Amino acid sequence: MEKVLVQNKMYAAPGEYTAADLLAVAAAREVNNDEVVFAGTGLPVLAVMLAAQTTAPDCKVIYEAGTIGSRSTSLPSSVGDPRCVEGCSIASGLLDVFDQLQRGRVDLAFLGGAEIDQYGNVNTTVVGDYLNPDMRFPGSGGNNDINSLAKRTVFIMVQEKRRFKEEVDYLTSPGWRVRQWPSGEWMHRRQAYGKKFLGGPSAVISNMAVYRFDEETGKMYVDTLHPGITEEILQENTGFTLDFSRCRGETLPPTHEELDILYGVVDPEGIFLPKK
Amino acid sequence: MQDKRCSLKEAVQMIQDGSMITFSGFTIWRRPMAAIYEMLRQGKRNLHLIEVNSGTHTEMLIGAGAVSIWESCWNGHELYGKVPYCMDRKMKSGEIIVEDYSHQHILYRMQAGAAGVPYLPTWASRGTDILNPEYDMLGKAGLRDGKNPHIPFQKFGYAPDPFYDEGEIILVPAARPDVCIIHAQQVGEEGTVRVMGQTFSDEQAAKAADKVIVIAEEIVPESYLREDPDRNLLPSYMVDAIVEVPWGAHPTGMYGCYDVDGAFINDFATASKTESGTQDWLDEWVYGVGSHEEYLDKLNVSRLMNLRTNSFYKYSTRAKRGSN
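If you read the protein sequences in the order shown, they are chains Y and B.
Numbering follows full-length UniProt numbering, in which position 181 of the first sequence is assigned residue number 181; successive positions increment by one, without gaps.
Numbering follows full-length UniProt numbering, in which position 123 of the second sequence is assigned residue number 123; successive positions increment by one, without gaps.
Do not rely on the hints blindly, as some may be mistaken.
Unchecked claim - Stretch by stretch, here's where chain B covers chain Y in the computed footprint (C-beta under 8 Å, at least three residues):
1. 74-83
2. 180-188
What the hints assert, rightly or not - With a cut-off of at most 25 Å between alpha-carbon atoms, the simulated BS3-like pairs for lysine-lysine come out as follows:
3. B:K320 to Y:K275
4. Y:K275 to B:K82
5. Y:K161 to B:K82
6. B:K207 to B:K147
7. B:K147 to B:K82
8. B:K273 to B:K314
9. B:K9 to B:K82
10. B:K207 to B:K9
11. Y:K195 to Y:K151
12. B:K92 to B:K82
13. Y:K219 to Y:K161
14. B:K207 to Y:K60
15. B:K320 to B:K140
16. B:K9 to B:K298
17. B:K82 to Y:K165
Derived from the structure by calculation, the hints contain no laboratory data.
These numbers come from a predicted model, not from an experiment.
We put the CB at the ideal spot given by N, CA and C, even for glycine.
From just these sequences and the hints, can you work out the full model?
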């Protein structure tokens, strides 16, 4: 197994990029050319716009509020933004795009979350007991639907011990091992979704590492560590025992070209990426 | 033919306390804000909101104590404030019942209402706590007894697929709001509605509701809208009241008219962190102004001109957005 991923001088050195830059770049590299990609507000938009400018020029982007195939020249600050309409092939609405999602048309989706567990279950709803919460967050939005019905999902999250938990406080969005209601029994996602099984979470990209999932056990494992992060640092910032057995080495940093595109073309206004 | 044109005040007077209400738009885009402010000035109470997703307008209604039930899936201010502080506070104090669904669920609930069927099936959310029967909050409050025609007997239902043997599918109950308030770019003199840009879930929301109030940037001749009927969203007979209110969606943004006023939303989101901050903000911007015209005067012309969209791009090329 290749222990160290290939690096050369086209890659930026530590100090030449931020954690957010690396997140956006690592996320963009998950997009295969020609895929139909469903994106929510924030870093996902940044990632798909970067992918469209680099490795996946033929990807088709669907924004959750109802635009298809946008060719925005100005970064949308949210998926309801008129900037999503620029150059798109269809401007419709949520019913159109959520129908397409359920129909199985979506290859890849990017999502965020407040908490994640080792099976890729995500909470975006409350911290604490749902019936007596410590703090209310925005809620599911499309997170649940997208993670239920896209073929692959990638989570982009901030790594903290309280966010990477043994068990999430509220299961907003389904991972690989889920609770089947009304009984509440835990089961593998494949069993819960039966004939409607389309796939599931394929990666988690944090500001410290890239994780992937073993589809059989449903468990997350460490794929690459971001430059400067050790196994010890990562474990200290995680609420469950990490599996490093399949770690391939360091995450490739952004290239100078990717950084130029991010700051010069994708987000020159500094909406998600303030100037360093 | 009955003239549907009226003042904002008259249109909002059509809304009864205790009504189930829904709105046009998406998060911080094309929300009927002038109508929201007027609802607060008129002291509407005990509202039951059902929304595909909520936003700044919802937080204002909740913060002002106008809402007793919220059924939706998301509430926040996007980039300008990620935590719904008003909802958090009122939830903890027990003043509001919060019923969580997902986008697809509420969307299909609206579509069922629009199509005149009692429910629709969906696969979304299998395996999640949205389906946890312990978290049926309207049920826990004893409100699923059939006495309120807007509250179904169950939060979800389940049925085996009788046609293709695909297993047990989730059923979501139709949403049947009393009133839908739409803010659109244009409405005809008789009520034909034209929405430009993304239509979000406006069509389902309006068609599910018993009454539709349309606030528009401009009222135009019906004959003009009939030149391009493929660009229209709703026929006139679905619309009960029409009101012309330029800039009526501020501080939310509107395709082809004006951008989101992010600084304004951020000010509200910051103020909403405390009960007293929320009340002070509402006193200044809602109760302290007598009308939408006074509100616009208070905002001032240069602020609005910065938000005005470029007619080619359909967004503002002057509004300062990021930090660079």
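- Which of the stated hints cannot be reconciled with the structure, identified by number in ascending sequence? Violated hints (numbers, rising): 7, 8, 9, 14 and 15; every other hint is consistent with the structure.
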